[in-house]
Amino acid sequence: MSYIEIRGVTKTFINANKEETQVLKGIDLDIKKGDIYGIIGFSGAGKSTLIRCINGLDKPDSGSIKINGKEVTSLDEKGLMLLREKIGMIFQHFNLLRSKNVYDNIALPLRYKKRSPDAIRDKVDELLRIVGLTEKKKSFPSQLSGGQKQRVAIARSLAAEPAILLSDEATSALDPQTTDSILDLLAVLNQKLGITIILITHQMNVIQRICNKVAIIDDGRIVEKGSTFEVFSHPKQRITKKFLESIFRAPSEKEICELQKENPEDEILHLIFTGNKAKQSVISDVTRSHHVDINILYGSIEYVGDQPIGSLFVTVHGNPFDILSAKKSLQNYSVEIEDLRGDPDDTAAIA
Amino acid sequence: MIQQLLPNVFEYAEDMYKAFGETLIMVLISGSIGLLSGLLLGIILVITADGGLYENKPLHKILETVINIFRSIPFVILVALLVSFTRALVGTSIGIKGAIVPMVVGIVPFISRLIEQALLEVDNGVIEAAKAMGISKSYIVFHILIPEARPGLIRSFVTATISLIGLSAMAGTVGGGGIGSFAVRYGYSRYMNDITFVTVVILILGVNIIQSLGNRVAIKISH
Ligand SMILES: Nc1ncnc2c1ncn2[C@@H]1O[C@H](COP(=O)(O)OP(=O)(O)OP(=O)(O)O)[C@@H](O)[C@H]1O
Ligand SMILES: [Mg+2]
Chain D
1 MSYIEIRGVT KTFINANKEE TQVLKGIDLD IKKGDIYGII GFSGAGKSTL IRCINGLDKP
61 DSGSIKINGK EVTSLDEKGL MLLREKIGMI FQHFNLLRSK NVYDNIALPL RYKKRSPDAI
121 RDKVDELLRI VGLTEKKKSF PSQLSGGQKQ RVAIARSLAA EPAILLSDEA TSALDPQTTD
181 SILDLLAVLN QKLGITIILI THQMNVIQRI CNKVAIIDDG RIVEKGSTFE VFSHPKQRIT
241 KKFLESIFRA PSEKEICELQ KENPEDEILH LIFTGNKAKQ SVISDVTRSH HVDINILYGS
301 IEYVGDQPIG SLFVTVHGNP FDILSAKKSL QNYSVEIEDL RGDPDDTAAI A
Chain Y
1 MIQQLLPNVF EYAEDMYKAF GETLIMVLIS GSIGLLSGLL LGIILVITAD GGLYENKPLH
61 KILETVINIF RSIPFVILVA LLVSFTRALV GTSIGIKGAI VPMVVGIVPF ISRLIEQALL
121 EVDNGVIEAA KAMGISKSYI VFHILIPEAR PGLIRSFVTA TISLIGLSAM AGTVGGGGIG
181 SFAVRYGYSR YMNDITFVTV VILILGVNII QSLGNRVAIK ISH
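Protein sequence lines correspond, in order, to chains D and Y.
Quick note on numbering: my numbering labels position 321 of the first sequence as 321, and the sequence is numbered without any gaps.
Quick note on numbering: my numbering labels position 190 of the second sequence as 190, and the sequence is numbered without any gaps.
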């Protein structure tokens, strides 16, 4: 049984004009203790709604969410309050109190729990050390950078020593460098404190950097999920490949169209190599033994955890029979092959 | 020299002090009652609204309607309308006592709206974050919503106090008492223009002092 088990969760919103939109259309997810589980999707896909169902800020219409075997969708107000103390949450816009300084922001959940002043001071000082903001404890949020604000928010979310941390686009308002430092902090919390993290994003590089699992959500459905390595190396859905274009540089549709017009017989392929093959000279082997010309358009090696994944966008030139056998032998090297050529009719239409 | 320019001001100086004293008392008393009840109503307006912490559509609707009704009655008419109510409540409908009742009734709907605006300015994300921490609704209202709205609340108080000075003048003209009635009695009815002039100058000074004090406090507590 998984630590967090989500089954058949649906949610419909009714807007001011009484129109209904089903935002979640039957979500199943299994999250293990210690996972950093990434959920990626475009704006409006239902990511926030899904994550808010986990701590009961939104209530699903149907389906079940179990945390540690305990159903949370049927909890009453009191039960939800207790649950939420054990689930931290951080947000895109930090949501700090402007009227309170860093120390008092972090102390908020502790004061609410009526901890003794000494206990509060010790805890806040410890949290300030963890997020590296001891010097800033008297500063007000308006005097901090975005990254520092998010560190305060993270410290605040940890005050009640949660077992789970929900992150709703926590790095979306930050620059790439700050994003990395916040993600590294989350990874440390995951390793040192064993916190299970569920992280929402629309950036594949966030997933790549810290998530061990990923689910792709599209229009209220999980369309693909698995280990980050598996999804990156063997993407199945079109939308997953679309997201991966930000990781592996890909030719644009226009480029593909033009290549196809120039040499209609050539195949245009995306090859994904994993493991040692990411570094081996597979291409030159195949070129030599199958009498085909392989021309590399774009190529890169990316790491998921410490595992390399190679990506090559190539055109393959030769007689159709040779091309076919070259592809066969690539598959024997267990290279993932995707044909990028559009439907000839489509191409004609574009041309 | 000054005495020649403003002869009546000197002649009626004592009455003038008294009038200002009365206005001060009217504004202070109706202000404290009005601010407290306005604060309460403003909070209720916000927390009972759609998506509020204590969503309650019927209560919200009733409150809105009552506030709108009272806000649409011009103050002079309200004073007249409330005469018997005022008499029943404080025993008289004239003088300072008689003026304070309609002043409170007149200012509370206005303050409620100002307070409502100030509270609505608090970022909803902060409330969400507090809910996500498992913090109770009442704690959120008193320890998060109100402290976060403080600069806006102070500004509302200032605006309301300044409006009250205006109302006190009107209430005074009807019931007698305060700076308004003084200015009308001497400056307007007896053509003592110097009295009108000095009254206006003092009011301008007073309003500006209140406004800049309020602004300073608001800036000081907003970070
Ligand atoms: N409280 C609500 N009432 C009505 N509609 C809502 C509500 N919350 C969300 N929605 C709608 O549900 C859909 C999904 O919203 P959600 O916030 O879950 O998307 P998201 O994937 O988090 O998007 P983003 O990346 O923009 O944050 C949107 O179309 C949104 O307008
Ligand atoms: Mg969202």
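Hints in this document: simulated from the structure, not taken from any laboratory.
Where hints are given, some of them may not hold.
As the list claims (entries may be wrong) - For lysine-lysine, the following DSS-like pairs were computed, each having C-alpha atoms within a straight-line distance of at most 30 Å:
1. 59(D) x 57(Y)
2. 32(D) x 66(D)
3. 136(D) x 241(D)
4. 220(Y) x 70(D)
5. 18(D) x 220(Y)
6. 137(D) x 61(Y)
7. 220(Y) x 59(D)
8. 327(D) x 242(D)
9. 78(D) x 97(Y)
10. 57(Y) x 136(D)
11. 137(Y) x 123(D)
12. 33(D) x 66(D)
Item to check | Agreement of residue 220(Y) and residue 70(D) with the hint, judged by alpha carbon distance not exceeding 30 Å | outcome: violated, 48 Å
Next on the checklist: What's the verdict on residue 59(D) and residue 57(Y), does the C-alpha distance respect the 30 Å limit or exceed it?
Outcome noted: holds, 20 Å
Item to check | Holds or violated: residue 137(Y) to residue 123(D), with C-alpha atoms at most 30 Å apart | outcome: This hinted pair holds, its Cα atoms lying about 24 Å apart.
Checklist entry - Hey, residue 327(D) versus residue 242(D), does the alpha-carbon distance stay inside 30 Å? => result The hint holds at about 23 Å.
Next on the checklist: Holds or violated: residue 33(D) and residue 66(D), Cα atoms, limit 30 Å.
Outcome noted: Answer holds: residue 33(D) to residue 66(D) is near 13 Å, not above 30 Å.
Item to check | 30 Å Cα cutoff - pair residue 78(D), residue 97(Y) | outcome: This hinted pair is violated, its Cα atoms lying about 48 Å apart.
Next on the checklist: Please verify whether residue 220(Y) and residue 59(D) have alpha carbons no more than 30 Å apart.
Outcome noted: violated, 41 Å
Checklist entry - Under the criterion that the straight-line Cα-Cα distance not exceed 30 Å, is the pair residue 32(D), residue 66(D) satisfied? => result This hinted pair holds, its Cα atoms lying about 12 Å apart.
Checklist entry - If you draw a straight line from the CA of residue 137(D) to the CA of residue 61(Y), is it 30 Å or shorter? => result violated, 44 Å
Item to check | residue 136(D) paired with residue 241(D) [C-alpha distance capped at 30 Å] | outcome: Distance ~42 Å between residue 136(D) and residue 241(D) Cα, so the pair is violated.
Checklist entry - Holds or violated: residue 18(D) with residue 220(Y), Cα cutoff 30 Å? => result Between residue 18(D) and residue 220(Y) the Cα gap is close to 44 Å, so the pair fails against 30 Å, i.e. violated.
Checklist entry - Would the pair residue 57(Y) and residue 136(D) pass a check requiring their Cα atoms to be no farther apart than 30 Å? => result violated, 43 Å
In summary, the numbered hints that this structure violates are 3, 4, 5, 6, 7, 9, 10.
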